[in-house]
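Take these sequences, add in the hints, and give me the full structure.
From first to last, the protein sequence lines stand for chains A and B. 1 is the number of the first residue of the first sequence in the numbering used here; add one for each residue after it. 1 is the number of the first residue of the second sequence in the numbering used here; add one for each residue after it.
Here are the simulated lysine to any residue pairs, SDA-like style, with alpha carbons at most 25 Å apart:
1. K108(B) <-> Q386(A)
2. K108(B) <-> V420(A)
3. K417(A) <-> Q97(B)
4. K391(A) <-> E144(B)
5. K65(B) <-> D381(A)
6. K151(B) <-> L367(A)
7. K25(B) <-> R192(B)
8. K151(B) <-> S41(B)
9. K391(A) <-> Q97(B)
10. K10(B) <-> L372(A)
11. K391(A) <-> F120(B)
12. K391(A) <-> R107(B)
13. K407(A) <-> G92(B)
14. K151(B) <-> R396(A)
15. K407(A) <-> D116(B)
16. K108(B) <-> T390(A)
17. K391(A) <-> G92(B)
18. K407(A) <-> N94(B)
19. K417(A) <-> N94(B)
20. K130(B) <-> D116(B)
Facing chain A, a subset of chain B residues (Cβ under 8 Å, in silico):
21. A48
22. H50
23. P72
24. E73
25. R77
26. V88
27. I90
28. G92
29. A101
30. K106
I should point out that these hints are in silico values taken from the structure, not numbers from a laboratory. Here the structure is a predicted model, which is why all the values come from computation and not from measurement. Don't be surprised by glycine CBs; every beta carbon is placed ideally from N, CA and C.
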Amino acid sequence: MSAQINFELLSLAAKKLIQGELSDTRVNALSNFKDSEMPSTKNEEWQYTDISNIYALCEKLFHEPPKEIKSLINKENAIANEIDAYWVIIKNGTIDIMETKRLQKIGVHVSLLSNNLDKTGVLIDDSLCSLNAALMHDAIKITVSSGVESDKPIGILFENDKNLNNYVSNFRCIIEVKDNATVSIIHAHTEKIQAPHFTNSVVQMDVGENSHIEFLRLQDFSVHQTLIEKSVANLGCNANLNYTSVDIGAQLMRADIVVNFNEKHANANINGVYIAGDNQHIDNHILANHFIGSSKSSQNFYGVIGGNGRCVFNGKALICEAAINSNANQFNHNLLISENAEINTKPELEIYTDDVACSHGTTVGQLDENALFYMQSRGIDEVVAQQLLTKTFITRILNEVNIPSAKGFIENLITDKLRVLTQ
Amino acid sequence: MLEIKNLHAKVAQTTILNGLSLAVKKGEVHAIMGPNGSGKSTLARIIAGHDGYEVTDGEITYNNKNLMDLSPEERSREGIFLGFQYPVEIPGLNNTQFLKAALNAKRKHLGMEEMDAFEFLKIARDAIKKLEIDPSFLNRGVNEGFSGGEKKRNEILQMTILEPSIAILDETDSGLDIDALKVVAKGVNEFRNPNNAVILVTHYQRLLEYIEPDKVHVLSEGKIVRSGDKSLAIELEKTGYAQEKDSEK
Ligand SMILES: Nc1ncnc2c1ncn2[C@@H]1O[C@H](COP(=O)(O)OP(=O)(O)OP(=O)(O)O)[C@@H](O)[C@H]1O
Ligand SMILES: [Mg+2]
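Here's what the structure looks like:
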């Protein structure tokens, strides 16, 4: 079991949270946690990312009463005002009834998990995921009925208690898209807490036959926050997932994105950008599991790293024996704009069959000197030219996002961040 | 307007310019010809402010200012324009956005109000019409996927919009088809006025049939070895540069 988090205290915390009998799911989660190891840098998958800072935060959660945090930047859900969507805002175990009703009308059912935990198929695998299941307070399930075509994206935002810092938040979304549906989902981690805080997030997605899901994940935490997120998507026959992650903030961010191709002819684009500055660490681990043939995965990540920022990209595709005629690509391009910036990038392929088309590549570079001189020779300030070139490099991601109403928001996030990074 | 005296420049340990002098006055068109590798582009890049060369001796003054004190962007805003021999592709950076940023940088420098997108588009549209450029160019990335000739036209488009005081066109005629050559020549001729100047770097006398130069110079091994009027270009077309190199020895 994990030595870093005291199991007895964890069990007590789980019971305190429930204020009653633990459901089977939570009991399972606790026992699974007991039997598994927390990740450490000795583990190859975690060698560049040290998450030991979360242990102290868990300790505080177990021992200290929640502390008032005056410093929570209270922009009153800026994102919900800026991006037109059905915003499902989860706060202290409640959601807005009006929005839920509106969604119900278009065939999207939203419910809080607390009551039906054991019937919901809560994923419990590794230690962090188990920790999440044991302690999750705010968890929701979104079910998109067959044939639904949502007119607007569905936004998901977990809100912390404005008055209390509980040190650790465990968020979980379970998304079930039935057959022949088309839906866009925005998952926002945009609430800044100006104090050390650990968010442990799990996203489970099942995408049915012929369904198309556009998933946008936005992260703009404060540089005091840590986010560890596991996202698992199961794709049905002919399903299509267009996933984009945007990481701007956080002191430490680790995302594990797993896409399982369980049926034929499914397609997943897994794209992302990350911009890291001083004292930031951003790690994206992607795994495309091609269990069956005629499936296609394509990973494209772009990063800009400045200050002493450190980033990790590990994009892997597993092509099983049965997965003939599969297609898997992994690409990662980085721009290092300072001397101390660092990237560890690795595309990986594990292939057990012939008849596959795979390609991968990574680049790590600086700004193109010729382009800079060209721009300067047209009167554009050197610094402005650098900013324009950097922005041009990173905003390529916008071409991959199929939620028009979110593009401006992403562009602003990127512009603001680059301004800080290049000034 | 532009005065270059005894310019010496090197890259790493290689001397490229070796005592070059040249004076260009308002209203003049100068042509610079010379063998490959003689230093024509180097001269052009040094005037534009490229920092890859070490100027070891000599001076360049522009409107009585020491040019060496100015950054490349300041030179541009002061009216110096370099049409690149090999224009750079900047994928993803919108051509319109790029041109507008350039023009507004200059206007700001001159104390003029910056132009809004609407005004700018009007100017840009007029210019592309005149230069017979496909309007879709404005929406593409800077030189992104442009053919060789299209890139050269784009340089002339930039010149037309920025209205410099002195334009140095480094082999803008190379790689142009006959019609494009005429269009580019027309662009340059319309640009010419008594208050500005043009330096044409070229290998071909043909361009000079369309744009009549006041002076023709031969640059060889890092300096001007011969100057004359447009008849010099006609002569060079027949005899080549062998004689110039010999006469130097
Ligand atoms: N960065 C560099 N390092 C080494 N040599 C250089 C560098 N830049 C230029 N040179 C050399 O300087 C010389 C002059 O080059 P330049 O480009 O000025 O020639 P040019 O007269 O424009 O030739 P062309 O007619 O082929 O365009 C060439 O021999 C070239 O190889
Ligand atoms: Mg040249």
